[in-house]
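Here this note's numbering runs 296 ahead of the position in the sequence shown, where the first position is 1.
Simulated from the structure, these hints should not be mistaken for laboratory data. Hints may contain errors.
Below, simulated BS3-like cross-link-like pairs (lysine-lysine); rule was C-alpha separation at most 27 Å, straight line [what the hints assert, rightly or not]:
{"hint": "1", "residue 1": "367", "residue 2": "349"}
{"hint": "2", "residue 1": "408", "residue 2": "330"}
{"hint": "3", "residue 1": "402", "residue 2": "330"}
{"hint": "4", "residue 1": "408", "residue 2": "347"}
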Amino acid sequence: MRLFIGFCILFLVGCQSSKNEAIAKKETVYEMYKPSEMAILMNEMYLINEKIKAQILAGEALEEFPEAYLKIHTATLTKPTDRDDFFNSFSELYIDRGREVYNASKDELVIKYNNAINTCISCHQQKCTGPIPKIQSLLIQ
297 MRLFIGFCIL FLVGCQSSKN EAIAKKETVY EMYKPSEMAI LMNEMYLINE KIKAQILAGE
357 ALEEFPEAYL KIHTATLTKP TDRDDFFNSF SELYIDRGRE VYNASKDELV IKYNNAINTC
417 ISCHQQKCTG PIPKIQSLLI Q
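My request is simple: use the sequences and hints to build the entire structure.
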């Protein structure tokens with residue numbers, strides 16, 4: 297029995313590698329997400345519309361039409377192939393609806409504002425559906 301135990305110990309010791317092999321770590325390189333010009337513009341438009349909504353609800357006069365909206369025609373999209381006839385027509389429609397908000401009488405201001413926001417929602421139902429709930433929060437009930 298002693299011989300068997302001795303043999304097992306020798307076997308276990310002999311099976312261990314005397315080399316200290318370094319385990320190569322795979323280095324992971326993380327790239328920071330860089331939003332497209334359009335993503336940045338959409339976030340800016342959201343903030344502008346939040347401010348407009350607050351002004352309407354407070355009964356305040358609106359400032360001037362935000363010229364930043366016009367960048368919608370030139371901003372680089374996340375997927376450049378998304379700039380198609382559909383996108384271009386909704387971009388133009390949104391600009392028109394946005395201008396209507398600034399030209400609206402006090403009585404039709406909420407309707408015109410909601411029309412502009414609904415234009416955003418309609419476009420996003422076809423392209424880039426992710427932000428729809430956030431956009432819907434801009435509607436005035």
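>> Hints numbered earlier in the text: which of these fail when held up against the supplied structure?
In response: When the structure is compared with the hints, numbers 2, 3 turn out to be violated.
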